[in-house]
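Peer 1: Protein chains in written order, with our numbering: chain C, 23 to 239; chain V, 23 to 239; chain F, 23 to 239.
Fair warning: there could be bad hints in the mix.
[To be verified] Covered, in the sense of this in silico footprint (three residues per stretch, anywhere, with C-beta under 8 Å from a C-beta of chain V), are these stretches of chain F:
no., segment
1, 77-91
2, 143-150
3, 159-173
4, 226-234
[Stated by the list, open to error] Only part of the chain V face toward chain C is listed, based on derived beta-carbon distances under 10 Å:
no., residue
5, Pro96
6, Val99
7, Leu143
8, Val151
9, Tyr183
10, Ala184
It should be emphasised that the hints constitute simulated quantities derived from the structure, not laboratory data.
Being a predicted model, the structure only gives us computed values, none of them experimental.
Glycine is no exception: its CB is placed at the ideal position from the N, C-alpha and C atoms.
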Amino acid sequence: MTDQLASALASFDLLLAVYLVAITAEAMSGALAAGRRNMDIFGVAVIAFVTALGGGTIRDVTLGNYPIGWTQHPEYVYLVLGAGLLTTLVARYLHRLQRLFLVLDALGLVAFSLIGCSVALNLGYAPMVVILSGMITGICGGILRDVLCNQVPIVFCRELYASVSLLVCALFLIMRSWGIDSDINTLLCFIIGFSFRLLALRHGWRLPTFSYHGRWD
Amino acid sequence: MTDQLASALASFDLLLAVYLVAITAEAMSGALAAGRRNMDIFGVAVIAFVTALGGGTIRDVTLGNYPIGWTQHPEYVYLVLGAGLLTTLVARYLHRLQRLFLVLDALGLVAFSLIGCSVALNLGYAPMVVILSGMITGICGGILRDVLCNQVPIVFCRELYASVSLLVCALFLIMRSWGIDSDINTLLCFIIGFSFRLLALRHGWRLPTFSYHGRWD
Amino acid sequence: MTDQLASALASFDLLLAVYLVAITAEAMSGALAAGRRNMDIFGVAVIAFVTALGGGTIRDVTLGNYPIGWTQHPEYVYLVLGAGLLTTLVARYLHRLQRLFLVLDALGLVAFSLIGCSVALNLGYAPMVVILSGMITGICGGILRDVLCNQVPIVFCRELYASVSLLVCALFLIMRSWGIDSDINTLLCFIIGFSFRLLALRHGWRLPTFSYHGRWD
């Protein structure tokens, strides 16, 4: 019995569970962004889909990793569409959950980044591409959401977000090169990346910005 | 003689004919959108191309369906570029043809959706992906047009349009699972989808919209 | 000795050298655009990357040319990220170099176009697709930059730019069909395309624009 339990727990894929929570949270954030533009519920569904699954799609297209993830997992599509549409019903209560959202989003950022690294590693890409693959997965969903909502992507001007993804990806590759066990590596990346993101939020850490107002272009 | 005529008529591919009319109409709508932004004729050509052929391109890239359609049919490219440029010459007379345009666009929406479904079916994708493939083909050209013209995609806030695509794709799959002959299936999808779109236009049917003005994000 | 020198010179790939200069210049122009939007240095790095390498990426994805160029050349990624970040430090001095920039950009436009043509030729695509491949490579980086900076792409409304790319690609294909030696062909394309672009800049040559203000859409 104990063996069965241990085996069941071992086969429970923590990264997958976090991933499912993360795409749900991302889909809801996409739905809220669509609501700020007064879109209809079809627009809400598209923005939810793109925010949650767009980063992985751009990664797979860039790396030539066919078939693309969600085409093999229609249940992910149902999940994000359902989460997006549900958001339109419960939006008025969501502001009480803002902190929970930020926590889920931080978990998701780390999970997306690690999954992106794994995909590129399995395809045999160079370390630089592995890191970019992690960052594309973590960030491009939000970029697509903002482009479709006709605004400058907030990831280009906000608290440390992309930097967390970069840190997580680099850390994962470095610990991997040291021969650290994959599960321990993943766990350490989660602890460090998650803490770093929450600290950045709490203290409003930002990267220096660059302002240029020269007349020519 | 009658046999020859029957065979000639049979080999006349109605779906292809509607497709060619549809990409022409889409290219012209793209050119008009470019004209609203005072683009030069190169910009007009790009927006015409992207509006007409961009949806199929995104579908093929997403499904890994290489080589992409228009790269094997340069005549489609000539057609849409020609239609886009011609539009700059005849734009002043086009407002008289607005109703014709809406009819052609409605036909095109159904044709694009059915073609998108067929492509995904032939590649062996799951039903959910088949439906999304049809909708991507039907809708993404207009989304790209609007993003390049720096506005929120109108398909996210207008009369039932994406919903027509969804209905057509779902209907096609359901009738196919019932074993209905492919040609009859296509014809029924056209009749129902086309009528639904025209009714939506005439009566201003819209999906409910979602407005959210919470302060956090 | 002379033979060695000749061989060394022959193996020095002029097109590659111009390409490296060009992606550096494009990355810097991307960084300046990001600075106009007050992005943080991560945003600067993304826009620099996308401006310099985005055109080639869209070309490779469209043609199914995997693996994508920069994934096999991490040094290109370091180069454009370095150039983008360096720009934030030296931006105040760059206005003195505006003319140099325009010259490098003109060289880059020709180099990108020729490289895009070569890629499509090697994959056996039709002439129309070869020309579009050259133009996609030359122009799409700037389009992505402008979309991410939330403005209508300037290539749709400015001095002859895309037209230079079109001329270069068509010229290259025509001279190739005449059996002209590839190196001479490349050289002639550079001379003609580069001169044409500089003349367009100096004299403010533009394509006719198309303005449309009909009420319906």
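Peer 1: Now look at each hint and say whether the structure bears it out.
Peer 2: Here is what the structure says about each hint:
1. With 4 residues having a Cβ less than 8 Å from any Cβ of chain V, the segment 77-91 of chain F passes the three-residue criterion, so the hint holds.
2. Judged by the Cβ-Cβ criterion of 8 Å, the segment 143-150 of chain F is covered by chain V as claimed, because 4 of its residues qualify and three suffice.
3. Interface restraint, the segment 159-173 of chain F with chain V: holds (4 residues with C-beta to C-beta distance below 8 Å; minimum three).
4. Under the rule that three or more residues need a Cβ within less than 8 Å of chain V, the assignment of the segment 226-234 of chain F holds, with 7 such residues.
5. Nearest Cβ of chain C to the Cβ of V/Pro96: about 24 Å, over the 10 Å cut. The hint is violated.
6. A least Cβ separation of about 22 Å between V/Val99 and chain C goes past the 10 Å threshold, and the interface hint is therefore violated.
7. Hint status for V/Leu143: violated, given a least beta-carbon distance of 13 Å to chain C, over 10 Å.
8. A distance limit of 10 Å between C-beta atoms decides the matter here; for V/Val151 the minimum to chain C is near 5 Å, and the interface restraint holds.
9. Satisfaction of the interface hint for V/Tyr183 is found here, the shortest Cβ-Cβ separation to chain C being roughly 8 Å, below the 10 Å cut-off.
10. The interface hint given for V/Ala184 holds, since its Cβ lies 5 Å from the closest Cβ of chain C, which is under the 10 Å cut-off.
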